[in-house]
Structure formats: structure tokens, C-alpha cells
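Novice: The primary structure of each chain is shown beneath.
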Amino acid sequence: MSGGRVLVVDDEVEMQRALRAGLKYHGFDVRTAGSGEEALRESSSWRPDVVLLDLGLPGMDGFETLASMRPATRAAIIVVSVMPGEKDKVRALDAGADDYVVKPFGTEELVARIRAVLRRQADISSGEPVVRSGDLEIDLARRTVTVKGRPVRLTPTEYELLRYLALHAGKPVTHTTLLREVWGDYAIGDSYNTRYVVAQIRKKLGDDPANPRYIVSEPGVGYRLEP
Amino acid sequence: MFMRRVVPFAVALGGAAAITALIALIQAYAKVGGLSALYLLLVLWIGARWGRWPAVAASIAAFLLYDFFFVPPVGTFSVAGPSELLELFVLLVVALVTSQLASSLRRTQATAEAMASQSTALYELATAALRSPEAAMALSLVCERASIIEGVKRFAVTSPSGERLAGSALISDEAAQAARAYQTGVAVGVSVSGGTLKVVRTQPHRAAASYLPMVGGVTVIEFAETSPDAEDLRMLAALVGLAGLLLDRRRAAVEAERARGLEASDRLKAAILSSVSHELKSPIASLRAALTALASPEAGLAAEQQDLARDMDRQATRLDHMVGDMLALSRLEAGVELHREPLAYADMVGTALRQLRTELQGHEVVVDATDDLPPVEVDEMQVGRLLANLLENATEWATAGGGITIGARAHEDRLESWVENDGPPIPPADLDRIFDTFYTRRARGTGLGLAICKRVIEAHGGTIRAENMRRGPRFTFTLPLARVAAAPSA
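Chain order of the listed sequences is A and B. Numbering follows this note's numbering, with no gaps: position 197 of the first sequence is 199. Numbering follows this note's numbering, with no gaps: position 185 of the second sequence is 254.
No lab work stands behind these hints, which were simulated from the structure alone. Just to be clear, a hint being listed does not mean it is correct.
[As the list claims (entries may be wrong)] Computed spacing ranges between beta-carbons, pair by pair:
| no. | chain 1 | residue 1 | chain 2 | residue 2 | range |
| --- | --- | --- | --- | --- | --- |
| 1 | B | 537 | A | 110 | 36 to 42 Å |
| 2 | B | 545 | A | 88 | 44 to 50 Å |
| 3 | B | 348 | A | 70 | 25 to 31 Å |
| 4 | B | 437 | A | 15 | 31 to 37 Å |
| 5 | A | 213 | B | 496 | 29 to 35 Å |
| 6 | B | 383 | A | 85 | 50 to 56 Å |
| 7 | B | 345 | A | 150 | 48 to 54 Å |
| 8 | A | 137 | B | 431 | 47 to 53 Å |
[Claimed, not checked] A few chain B residues facing chain A, derived, Cβ under 8 Å:
| no. | residue |
| --- | --- |
| 9 | 346 |
| 10 | 368 |
| 11 | 382 |
| 12 | 384 |
| 13 | 453 |
[Said to hold, decoys possible] To list a few chain A residues with every Cβ distance to chain B over 12 Å, as calculated:
| no. | residue |
| --- | --- |
| 14 | 44 |
| 15 | 48 |
| 16 | 61 |
| 17 | 105 |
| 18 | 118 |
| 19 | 130 |
| 20 | 181 |
| 21 | 197 |
Where a beta carbon is used, it is the ideal one built from N, C-alpha and C, also for glycine.
Turn these sequences into a full structure, and let the hints steer you where they fit.
Specialist: Okay, here's the thing in C-alpha cells:
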């Protein structure tokens, strides 16, 4: 049984071959593309579940490819890059990437990331109204939050932030996205606001920032709810 | 020249004769006394106009003429009574005194005029020189002005190394002499004091240049056989001072240029390293992807071969870290801009511990920090790197299954934090060198991790030190606290 279809977009043939082999050993169907244009063709004809998109493509670059591909596919897109700056990560996530992986990486690490995004997609399409992260339960239909069954009282802002993280459980959500989603399009502020609200939520959930179980910081990027 | 010398005396004698005639004319009509006072007017005028000696000549002439024509016995140079004698004596004294006064007044005025014109000339020169953007051009203005001074044969300004910047050409070994004067700081053949120059002629008949070292260079002057007069020497001193000012300005400009060059080369270095790291990391990425694929059991290799693939992957990972460390260090050395923001320290510790989950497995990690730590104002990525490096270092030295403590306390304006492990103490001799670039105690270390820590802390204006505690080595560092009062306290 196939673990899913993975489209590897990388201009280096050695990288394509290595990933094709490594992912095949872990049960994935793999196709490769060497350019943005080829990737767009493959993604619309072959319909992969996951696209591994290297940002450093010649010609049509990774960001352009991402912008064209995102509206046209339901595949999870994992951005891959050598030494991305934090700005690149934020830009890719804000442009609709589901995750990012920094080169060089080992096959196991990559497989774990691919499985995580696939699981997340399955959860979202299942329409399950309750999101769980360890002992934390967020009931999106009834708008309630409990830790080990005990209800936690959150302010509307705190709940909105947690809800957005829960809807994208496992995915890094950028500070800018949180600001926009929680405070609205015209929100004026910076990561300081989101940091403050997350600190409050962690306190109420009894989460230790030095060893967080639920909301994990993504340095330079934002936050992620542990699935 | 001759005419100028003779005319005043001729006028003095002619004037005395004319006044004698005038007195005779007056006395022909009326007997008036004290007419000798008329001579005083002449003496006064001559003295004021031409100075002492023509005035003395006029007074002597007046004395003799008056004595001859009017003092009884008339027609002789003899003097009859004491009153006439007194009259004559007064005439002479007044002549001397007034001429003296007049001439000293004239001299003062002449000096003042000369100084005024000198300072106007200097002012104009200085304005022009300081306005011209090129120090060399400004210096050549000064040199031009100096070389037209009488008694100056050549005037040039050189750089500290003796290279001519402006003025007359240097001959034979003058460049070397100038460089030597600059190095020793000793003037040769000339000295400056009290706003004027003094020419020191050690060997009067040898045509040798004089060297005057200044802040940013050397002035080379060749004097003529006769030295410039006092006024010109003052002017020369002022010009030398101006040249010094310009040399200093030139030196400042040269230094600024060099600093810009260094800055540009730092940026270039960082850009090259960034590009080189990128080029190095791409093949490492292919290597790791291929090696980890081979090492997976599904690849079907024998256990021994799988192990080999894993070993190679570990080496590739090490290589990757080294490249990353080198890039990080070079960026810090090139002076990366910090992106500082108020952050919860516990959050950063949590992120670092998470990042090193694999390495920390098997160690007992204790976080010793109070809940109410005020936020720090730091660059999240840089301090994250610092914490990761210190924790990684601790995992290398801590005993198997041993403890690592990461603690923090707030002081007035800074946070003091430490990372401690229960491994063997650091040899005392190494405590100071441990943060040096490429210094490492480990056979496999790059010697960059702790150097990076030091750079990160210094970029934040803090300090870092290594010491041996009872339990084991401890690294203590300080970070600035955020200035904002209400900040996240998680």
C-alpha cells in the first residue's frame, strides 16, 4: 500500500535520486521535477499528496512556483531550502506553505515531517470538531477548552488564537498570520502582542514555557500547536 | 634707493633754510620773540614723515641757522647768553624726542599694517585651503604661498612615509630624510616656538633642506643663504601650522577611507562566506539524503554496511555543523545587525532544549529559574544559537546520565544565566582561552561553538565567563533586560 504520493522538486539530480530512493523505502510513491514549470505540470496531472519544494530553483524560483501552485492544488507543500533566513520561512508559510525543512536533512526527519502534514490533512478533512494536544482538548463546535478534563477559562482573544493554532495543529503559524487572524486585517502590532497572549494562554493551561507540551515556539517564525 | 635716502635730508635742510628765511622776513617788520618755535613744526613734520635721522638733521640745521642768523652776535656760530643756549638746547631735544616718538609710531603702524595684511592673506589662504575638498590641492596652495617668501628656496609637504604631497620637488634622499624626521619626531635645521620659525644653521655653507615633522606628515623647507626676516618667519610659521592642519585632515580622511574599505571588506567577506557555505551545504545535503536512504533497513544492505552508511552520515552532519558555525562566526565578526525584541527567557530556554532533544536524551536537565523573570531584550535567533551551543557543549562533558543545569536570575538591568554540567573541571590554564576562535578541548570540536557564544554575548553588551564549580564546569553570561515594564512574563 502506498504511503502517499510525493512530488520532489529540486534542480539537483543527486538530490532527486537520493530522495526518490529514501522515500520509496518508506513506502511513498515518488516523482521528481527539476524546475518550477515542470513541478506545476506534475502537480496538476499527477495530483501528489505532498510537494517537497526547493526554494532555490533556477528560472522560475521557489516562491513563484509556490504562489502559482498553492491555489491549484490541495497537496501539502513542504518548502525545502539551504540556510533559509527567518524571513524566507515566514514568507513561505504566509504564502501557503504547510511546513519548511532546512537542508541538509536525514531521510527519517523528512519522513516524519511528511507523515505529520499528511496526518494533519486527514484530520482537517475528517471534520472532527475536537482537536487534541496531549491532555489539552479544544472543542471547536462548543468553543470549550479543557486540560485533563478540567475546563480552562480563556478570554475571547486567547480563545481565538488557540483556535487558529488548533485548526492548523502541527503547522508553524507565523506571528503575522496570528495577528491578522486574531486581531483582524487592520491590526496594528507586532510579535509582541502574540507573545503576550501566548504567555497568558500557557499560564492558564499550566504549560511550562521552558518545557512546553502544547504550544511550541518556532524561533523567528511564530508558534505551533503540538498535535 | 639712493633717492629715497637722500630726499628726506634734502627736505630737512631745505625746510630749515626756508623757515630761517621766513623768520628773517617776519623780523624785518616786527620784533617778535620765540620765533624759533617755528623750527619745531618742521622737525615734528620731518620726524613724523621720515623718522629720526632726517629730523635730527633738520634740528641741527635749524640750530646752526638760527644761531648764525639771529642769535647775537649775529653772523657767528657763537652763543652769547644762557637764554639763547637754552633755546637752542630745547630745539635739539624736542627734535630728537618728537622724531623718536613719530618714528616709533610709524614703526608700530607699519608693523600693524603688515600683520593685518599678513593675517588677511593667511585667512584667505586658510579659507581657500580648507574649502577645497582635496587635501593635496589645499596643501599645494599653502606651499605656493610659502615658496614666494623671500629667503625660502623650496617648500614641500610630505606624507609620514616621505612621499611628496604638495610643493617643490624633493631631491636626492630628501624623501628618506623626511620619513626619518617623522619617525623620530625630531625637527632638523628649523624649530618652531612662540608663533615663529627659527632657522638653525649647523653648517652654513651646505645647501641642505630643513625638516619639520607634524601630526600627519613632514614639512620640508630649503632656506636661501639669507634667512627670511622676522615678519616672513612668522608668516612661514603660520603657513606651516596651516599645512599641519591640512595634513591632519588628510590623515583623518585616509583613515575614514580605510575604515570604509574594511567595512566593505567585512561585508564582502560575509557575502563570500554566505555563498561558499551555500555551495558547501548543497553537496552535504545530497550526501545526507543518500546516506540516510542507504542506512534505512528497506534499502536491503547488510547490517555492517548500514552502520557504515550511518557513520558517513554522522561525518556529513559534523561537516554541516562546521560550515554553519563558520558562517555564523564570520557574520558575527562582520557585525550583523541584531534584531532585538522583548522576549521571555524561559521560552527561549524551552526552544533550545527542544532543539537539542536528541543530544539531551540520557541526561537529566534541570531548569533553575523563577516564574517571574522579567523579559530580556535580545535577538531571538542569536541567543537561541548561544543556548544551543552551551547546552551541546554541556552534553559533551556531562557524565553519562549526568545532570545539566540551566539557571537564570534577574539583577537590576540584566539577566544572569548559567549552564552547568557535572563533567570534569576545565584545566585552569584553559579558562581564559576557552572562548578563543579555533580553541577546543575536544579532538572532534571545531573550536567555534564557544567563540560564537562570546561574540553573541558581546554583541548584546554582556559578559561571559567560564569557571569550575564544585559540581563541574559552569558558563555564566549576562543579557540585557527589556526596558518595557509590561511585558510577557511567561
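Novice: Determine for every hint whether it applies to the structure shown.
Specialist: Evaluated hints:
The hint said 36 to 42 Å for the Cβ distance between residue 537 of chain B and residue 110 of chain A, and at roughly 38 Å that hint holds. The hinted window of 44 to 50 Å between residue 545 of chain B and residue 88 of chain A is violated, with their beta carbons roughly 28 Å apart. Checked against the hint of 25 to 31 Å, the C-beta distance between residue 348 of chain B and residue 70 of chain A comes to roughly 28 Å, which is consistent with it. Evaluation of the 31 to 37 Å hint for residue 437 of chain B and residue 15 of chain A yields a failure: the beta carbon distance comes to about 51 Å.
A hinted range of 29 to 35 Å for the beta carbons of residue 213 of chain A and residue 496 of chain B is consistent with their spacing of about 34 Å. The given range of 50 to 56 Å is broken by residue 383 of chain B and residue 85 of chain A, whose C-beta atoms sit roughly 21 Å from each other. Distance hint check: the CB atoms of residue 345 of chain B and residue 150 of chain A are about 52 Å apart, consistent with the given range 48 to 54 Å. With their beta carbons about 26 Å apart, residue 137 of chain A and residue 431 of chain B fall outside the hinted range of 47 to 53 Å.
Look at residue 346 of chain B: its Cβ gets to within about 7 Å of chain A, closer than 8 Å, so that hint holds up. This hint holds: residue 368 of chain B has a C-beta 6 Å from the nearest C-beta of chain A, less than the 8 Å allowed. At about 7 Å, the closest approach between the beta carbon of residue 382 of chain B and any beta carbon in chain A falls short of 8 Å, and the interface hint on this residue holds. At a threshold of 8 Å, the smallest CB-CB gap from residue 384 of chain B to chain A is about 12 Å, leaving the interface hint violated.
At its closest, the beta carbon of residue 453 of chain B sits 5 Å from a beta carbon of chain A; the interface hint therefore holds under the 8 Å criterion. With a cut of 12 Å on Cβ distances, residue 44 of chain A stays outside the contact zone with chain B, its closest approach being about 20 Å. Listed as a non-interface residue, residue 48 of chain A keeps its Cβ farther than 12 Å from every Cβ of chain B; the least gap is roughly 21 Å. Here residue 61 of chain A stays apart from chain B, with its beta-carbon at least about 17 Å from theirs, past the 12 Å limit.
Listed as outside the interface, residue 105 of chain A is inconsistent with that label: its C-beta sits roughly 4 Å from the nearest C-beta of chain B, within the 12 Å cut-off. The claim that residue 118 of chain A is not at the interface with chain B holds, since no C-beta of that chain comes within 12 Å of its own (minimum 15 Å). Listed as outside the interface, residue 130 of chain A is consistent with that label: its C-beta sits roughly 27 Å from the nearest C-beta of chain B, beyond the 12 Å cut-off. The non-interface label for residue 181 of chain A is consistent with chain B: the shortest C-beta to C-beta separation is roughly 14 Å, beyond 12 Å.
For residue 197 of chain A, the non-interface assignment is contradicted: its Cβ lies about 5 Å from the closest Cβ of chain B, within the 12 Å cut-off.
Going through the hint list in order, the structure does not satisfy hints 2, 4, 6, 8, 12, 17, 21.
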